[in-house]
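Undergrad: Top line first, the protein sequences correspond to chains L and Y.
Residues are numbered in the working numbering as their position in the first sequence, beginning at 1, plus a constant of 10.
Residues are numbered in the working numbering as their position in the second sequence, beginning at 1, plus a constant of 428.
Among the clues, some could well be false.
[Stated by the list, open to error] Calculated lysine to any residue pairs in the SDA-like style (CA-CA distance at most 20 Å, straight line): (1) Y/K433 x L/E69; (2) Y/K538 x Y/A498; (3) L/K67 x L/T30; (4) L/K67 x Y/P468; (5) L/K19 x Y/P468; (6) L/K19 x Y/T473; (7) L/K54 x Y/P437; (8) Y/K433 x L/V70; (9) L/K19 x Y/Y467; (10) Y/K538 x L/K67; (11) Y/K538 x Y/S497; (12) Y/K538 x Y/V515; (13) Y/K433 x L/G50; (14) Y/K535 x L/T30; (15) Y/K535 x Y/Q434; (16) L/K54 x Y/T454; (17) Y/K535 x L/E69; (18) L/K54 x L/A12; (19) L/K19 x L/K67; (20) Y/K465 x Y/R445; (21) Y/K465 x Y/G488; (22) Y/K433 x L/L55; (23) L/K54 x L/S77; (24) Y/K433 x L/P49; (25) Y/K465 x Y/A498; (26) L/K67 x Y/Y467; (27) Y/K484 x L/E113; (28) Y/K535 x L/S77; (29) Y/K538 x Y/S456; (30) Y/K538 x Y/S440; (31) L/K54 x Y/S540.
In short, the hints are calculated from the structure, not lab data.
The structure displayed is predicted, hence computed values, not measured ones.
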Amino acid sequence: NAGVTQTPKFRILKIGQSMTLQCTQDMNHNYMYWYRQDPGMGLKLIYYSVGAGITDKGEVPNGYNVSRSTTEDFPLRLELAAPSQTSVYFCASRLHTSGRTHEQFFGPGTRLTVL
Amino acid sequence: DQQVKQNSPSLSVQEGRISILNCDYTNSMFDYFLWYKKYPAEGPTFLISISSIKDKNEDGRFTVFLNKSAKHLSLHIVPSQPGDSAVYFCAASPSSGAGSYQLTFGKGTKLSVIP
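My request is simple: use the sequences and hints to build the entire structure.
TA: Below you can see the structure in the form of structure tokens.
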């Protein structure tokens, strides 16, 4: 299993440009998440999904959109990039079962700079 | 309003000694706690967890202690090794109900183990 994969690893955007951060997991996890991590800060939840076709906002959703058409993929869309969106973005997934279910598996991250 | 607090941004420890990382939480609904380890340019990886029905959980060199009355948990690493040098994040979640599929993260503590 590759686990959670993210592309691209790095990206520089100009203000106002748009892009999609890709996330794929091959563990058949039903829950998926997008976080951002700013320097010296913890991970803040942007959006999450509990299954295909179902998404919901997290703590910091403004400026982002998501979709979940399949179990495997959970892309994050930035429509009008702003310098405040300069961050490292992590995708994560989790299997929903009884017992120890809270462990989330993270991808390697995408480092985004908006200039 | 931080619900999970890691008040020490950094910690330096000699190789072979004990590392103690602390975490405090304010939300009384949290009853499941996790520690994640993060190396530079990688995603966080799960380290150890504890449910509120326990006050201690061990996994090899890593032990997590939970003091529910004080809303405090700590991660002990004994003995510390240079490869343990990383940022450690504390995370918390309710075990059921609304929010049980989300994790709330602290800001992290950077551990440096000096050879």
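Undergrad: For each hint, tell me whether it holds in the structure or not.
TA: These are the hints, each one checked on the structure:
no.: 1; hint: Y/K433 x L/E69; verdict: 17 Å, holds
no.: 2; hint: Y/K538 x Y/A498; verdict: 23 Å, violated
no.: 3; hint: L/K67 x L/T30; verdict: 17 Å, holds
no.: 4; hint: L/K67 x Y/P468; verdict: 28 Å, violated
no.: 5; hint: L/K19 x Y/P468; verdict: 13 Å, holds
no.: 6; hint: L/K19 x Y/T473; verdict: 18 Å, holds
no.: 7; hint: L/K54 x Y/P437; verdict: 17 Å, holds
no.: 8; hint: Y/K433 x L/V70; verdict: 19 Å, holds
no.: 9; hint: L/K19 x Y/Y467; verdict: 15 Å, holds
no.: 10; hint: Y/K538 x L/K67; verdict: 29 Å, violated
no.: 11; hint: Y/K538 x Y/S497; verdict: 26 Å, violated
no.: 12; hint: Y/K538 x Y/V515; verdict: 4 Å, holds
no.: 13; hint: Y/K433 x L/G50; verdict: 13 Å, holds
no.: 14; hint: Y/K535 x L/T30; verdict: 26 Å, violated
no.: 15; hint: Y/K535 x Y/Q434; verdict: 6 Å, holds
no.: 16; hint: L/K54 x Y/T454; verdict: 17 Å, holds
no.: 17; hint: Y/K535 x L/E69; verdict: 15 Å, holds
no.: 18; hint: L/K54 x L/A12; verdict: 24 Å, violated
no.: 19; hint: L/K19 x L/K67; verdict: 24 Å, violated
no.: 20; hint: Y/K465 x Y/R445; verdict: 19 Å, holds
no.: 21; hint: Y/K465 x Y/G488; verdict: 15 Å, holds
no.: 22; hint: Y/K433 x L/L55; verdict: 16 Å, holds
no.: 23; hint: L/K54 x L/S77; verdict: 19 Å, holds
no.: 24; hint: Y/K433 x L/P49; verdict: 16 Å, holds
no.: 25; hint: Y/K465 x Y/A498; verdict: 24 Å, violated
no.: 26; hint: L/K67 x Y/Y467; verdict: 28 Å, violated
no.: 27; hint: Y/K484 x L/E113; verdict: 18 Å, holds
no.: 28; hint: Y/K535 x L/S77; verdict: 28 Å, violated
no.: 29; hint: Y/K538 x Y/S456; verdict: 26 Å, violated
no.: 30; hint: Y/K538 x Y/S440; verdict: 8 Å, holds
no.: 31; hint: L/K54 x Y/S540; verdict: 24 Å, violated
In summary, the numbered hints that this structure violates are 2, 4, 10, 11, 14, 18, 19, 25, 26, 28, 29 and 31.
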